[in-house]
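Enquirer: Going down the list, the protein sequences come from chains A and B. When you read off a place in the first sequence, starting at 1, and then add 1431, the result is the number in my numbering. When you read off a place in the second sequence, starting at 1, and then add 805, the result is the number in my numbering.
Hints are all accurate, no fakes.
Here are the simulated distance ranges between beta carbons:
| no. | chain 1 | residue 1 | chain 2 | residue 2 | range |
| --- | --- | --- | --- | --- | --- |
| 1 | B | A819 | A | H1500 | 52 to 60 Å |
| 2 | A | Q1443 | B | L850 | 20 to 28 Å |
| 3 | B | E832 | A | G1483 | 51 to 59 Å |
| 4 | B | E836 | A | K1572 | 54 to 62 Å |
In short, the hints are calculated from the structure, not lab data. Keep in mind the model is a prediction, meaning the values are calculated, not measured. Where a beta carbon is used, it is the ideal one built from N, C-alpha and C, also for glycine.
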Amino acid sequence: MYALLQSVWRSQKSALFYWGLILFVLVGWGWLYWNLDPHHSLNICVLKNTTGLPCPACGTTRSLEALLHGEWLTALAINPLGWWAALGLVVLPLWLMVDGLTRQQSLYEWYVQVLQHIQKPKWAIPLALLMGLNWIWNIWKGL
Amino acid sequence: MDPQKVDMFIMTNAKYFHSFHIAQIRERLLEIDDSKWVLFQTLQLKDPTTILIVSLLGGALGIDRFIIGDTGLGIGKLLTCGGFGIWAIIDLFLIMDATRDSNIVKLQQLLY
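Please model the entire structure based on the sequences and the hints provided.
Expert: So this is what it looks like as structure tokens:
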């Protein structure tokens, strides 16, 4: 009985993962498209709106816009996360489509494996440090 | 386990779990051997109210999700300015139940 409950919970979890990711990709592309109009600008960052300080991810949209104009280094200078966001926005929809068409859960399995790895100190500490440095850089740049 | 001990555990830890789980937890605890009592006493559970405060202060950075063990969602929130600002607000309403969910998962590892 317990094993059955566990398997149901697990399958529900992966379904939630896929729907969440589909929503994320749609919102991500929609947000980018909306921001490409120079008349549009909206500050959605809770941290920046309340404290005036940028968050570690602030500037990702501007970085993506620079990338779309072919300015690779400017994008890196605004926020290096923009490169990763661009990679995600291209790879994730393709991977989701492949999983949907082949009825597999390869993306979910990959995500679970990556999560297990990055929770180990040997990955978690350097990643947290990098994120912290990027945040300090963001504050210094005054994004 | 001794019913008195079980009831003591339930009374001191009820706030960490959903109310609909309590009866089930009590039933299961009664069946368990007394030697596991220490393990239940030393279980590290997260207080939903504390996590709500963390969510108010550091929700935009995903700190609330990291603390309750949802590392994947934490990273998602951290990398999107709190899920485009909207998720951080929605999470103020979801985080207490999510904390109770993570507590029951921890307890289940001892119960079964």
